[in-house]
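Trainee: This is what each chain is made of:
There are 2 protein chains.
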Amino acid sequence: MPKPLAGYRVVDFTHVLAGPFATNMLVQLGADVIKIEAPERGDTMRYYGIDEGYPDMAPPFIAVNSGKRSITLDLKSAQGKEAARRLVAGADVVVENFRPGVISRLGFGYEDCKKLNPNIIFCSMSGFGQSGPLRDNPAIDQIIQSVSGVMSLSGEPGSPSTRVGFPVVDTFSGAMGAFAIVTALLQRERFGGSQYIDVSMLDSTMVMMFSIVVPYLITGKRPEKYGNRGFSLSPTADTFPTCEGEITVGAVQQGQFERLCALLGCPEIAADPRFADKQSRIANGDALRREIVPFFAARTALEWEQILNEGNVPAGAVREVPEAINHPHIAHRKLLQTLHVPALARDVQVLGAGFRFEHDGPGNDLPPPGHGQHTREILKELGLEAEQSA
Amino acid sequence: MPKPLAGYRVVDFTHVLAGPFATNMLVQLGADVIKIEAPERGDTMRYYGIDEGYPDMAPPFIAVNSGKRSITLDLKSAQGKEAARRLVAGADVVVENFRPGVISRLGFGYEDCKKLNPNIIFCSMSGFGQSGPLRDNPAIDQIIQSVSGVMSLSGEPGSPSTRVGFPVVDTFSGAMGAFAIVTALLQRERFGGSQYIDVSMLDSTMVMMFSIVVPYLITGKRPEKYGNRGFSLSPTADTFPTCEGEITVGAVQQGQFERLCALLGCPEIAADPRFADKQSRIANGDALRREIVPFFAARTALEWEQILNEGNVPAGAVREVPEAINHPHIAHRKLLQTLHVPALARDVQVLGAGFRFEHDGPGNDLPPPGHGQHTREILKELGLEAEQSA
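If you're matching them up, the sequences are chains A and B in order. For what it's worth, this note's numbering labels the leading residue of the first sequence as 221, then goes sequentially. For what it's worth, this note's numbering labels the leading residue of the second sequence as 221, then goes sequentially.
Pulled out of the complex, with its shape left as it was, chain A reads as follows (with noise of 0.2 Å):
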């Protein structure tokens, strides 16, 4: 069977993260995903320049740009118009992040493109949508952080803002614009007609926290912050010190709180009537982490990790990326794919889809584009001369 987007082509009009991450997944997901780049400088995460030795293709480019084909073109020029003009005729959706209008003024907004095909599925995302005060801000992904909420949350009580740490409203707001894409393309399959689909960062992050913004609408509550407690405000779903790194811990239900406190060896805390039910851990909680920590030292996170895990109860042990991503868990998953990268004359690996199909799913081994690789053969499918688009 074929890839679920086999046959479709996207017209990628979208440069640095959550839109280049949103095309990335048609990708894998089997479309021809043309990125349309200028022609004096292409996508501003070529060169993104913390790492040197990366010319045109620094390392978070490759991440979401591999598979696709890169045609330069001028977009106000004649020959570029016309060699754009064709690609949407062709196209099944055309995706862009620039600021609100920009792409309407280069000719190539969602009432330009339905013109020229009128089943045509048009993705904008954007910081904050293409209506409403704000939607003129320029934003990037800290600004969402900052005016959405995302950064009151995270820490102890009453530390400092804090963003998280890797730009998580870019990716959610790009695994949104995959998501409605792929969902138009659906319906337009079903029932046929364009769709125009209007994805704000700010939106996306505020669904992102539902499960802090729901309640609070509902309550009235204001969210507070619980530091590496967890959802359940359990006092033993938090993360404790060991002799050599932190242990997570997940014992929400009254039968993992037994299982931990025997096999921590102190069966008598989860005998203590202080602690006796859910609701009195929860109210006695500083009491009953005090009483608790101390049994982790005895051995290591990783340790105590397979040891909880084997008395059935939920642990994992606090790790960094590297170590994270190195587990054979990972390896055993086919999580990453290899790249031959000819700009770099090597080969690299990069994270697939992060879901997998039984026949026919997410997945690319091919590299990432030079700047305007493709143009010459873009131009020729479109039946036109290279020459025309110079």
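In short, the hints are calculated from the structure, not lab data. Just so you know, not all the hints are guaranteed correct.
[To be verified] Just the calculated beta-carbon pair ranges, DEER-fashion:
#1 T558(B) - E523(A): 50 to 56 Å
#2 D294(A) - G440(B): 35 to 41 Å
#3 V513(B) - P338(A): 51 to 57 Å
#4 A503(B) - R596(A): 36 to 42 Å
#5 N532(B) - D294(A): 19 to 25 Å
#6 D492(B) - P338(A): 51 to 57 Å
#7 Q474(A) - G327(B): 27 to 33 Å
#8 G327(A) - E488(B): 51 to 57 Å
#9 K554(B) - A226(A): 31 to 37 Å
#10 G440(B) - T439(A): 45 to 51 Å
#11 C486(B) - D294(A): 36 to 42 Å
Computed from a predicted structure; not experimentally measured. Backbone N, C-alpha and C define an ideal beta-carbon position, used for all residues, glycine too.
Following the hints, put chain B in place on chain A, whose structure we already have.
Mentor: Then chain B, alone, in the frame of chain A:
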């Protein structure tokens, strides 16, 4: 035009957060989602106990179960099994988030369901996926935050491991589940046949951190913490104190940096050779921050937000969730949906999908179901008497 998933039926064995978030997306897109709950006690999240006064209807349950229908079935009884078999036979999608192996022992694994329905889309969601050495470990959000490296990324350099203060792993994994399901439905619509989807919270979480994980895989350099400095690592893409509140600025490009200095009233900083370009600003980041911080004290965060955005410098005041969700922009975006909840005898507000369609897009205004509220109705639809499943 109908909604994208109109006419599809989803048999939903999920509970707690990640699974119900996934099927909530399917509800919003028009699917008929039937939530299977055990007769004695339903979805744990119904009884989430922080807020009193919400019997069987805790706020986070309302957040992601509205618009579903609930049937109570004893899957160990002959009658319960028969009802579930008929449900699966007539469904398009089965979703479950038990520990690996449990749903098969109950008689409703993928192979069982395929016999009942050769075109079934079957999605399993679990902590570590359906294969690999960690597959049998129990997992909740904070366990995955620990083992994945998420907890090692937030905060200032050298600061303790910090959980993202809301269950972001549940949400992101749930979004991946919904995305994978819709993708498989599209694949089936185009090419026919069944599909099995294996969503691993750990795999999804590594993908959520792609912008950290892939650069590590490619360069071999261990990821560091950068506090509130953003992905660009520019010292003027950071959070600054003001005379009232904090402001996050995203001045990454040269023009943005120069405009920022002009608007702050310190154009001389933009002219300082130590801060002449992006690389030198990163190299002299501490000095630049020291020089620039005092100028923010002249105004409040909300004032700077307005001034900087008007001057085309990305900026956002750090807000808490209540101020974020009550911002007029959110109302304008129609992100909130009002539902009447009979069990509470009042209206509540929940969140939409986080993306908008021009027509026939996501949305739901139906209440969350009581435990087993639709048992009789659904059994009748299946041609069974209500008594049979008791």
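Trainee: Could you run down the list of hints and mark each one as holding or not?
Mentor: Structure-based check of each hint:
no. : hint                          : verdict
1   : T558(B) - E523(A): 50 to 56 Å : holds (51 Å)
2   : D294(A) - G440(B): 35 to 41 Å : holds (38 Å)
3   : V513(B) - P338(A): 51 to 57 Å : holds (54 Å)
4   : A503(B) - R596(A): 36 to 42 Å : holds (40 Å)
5   : N532(B) - D294(A): 19 to 25 Å : holds (24 Å)
6   : D492(B) - P338(A): 51 to 57 Å : holds (55 Å)
7   : Q474(A) - G327(B): 27 to 33 Å : holds (28 Å)
8   : G327(A) - E488(B): 51 to 57 Å : violated (42 Å)
9   : K554(B) - A226(A): 31 to 37 Å : holds (35 Å)
10  : G440(B) - T439(A): 45 to 51 Å : holds (47 Å)
11  : C486(B) - D294(A): 36 to 42 Å : holds (37 Å)
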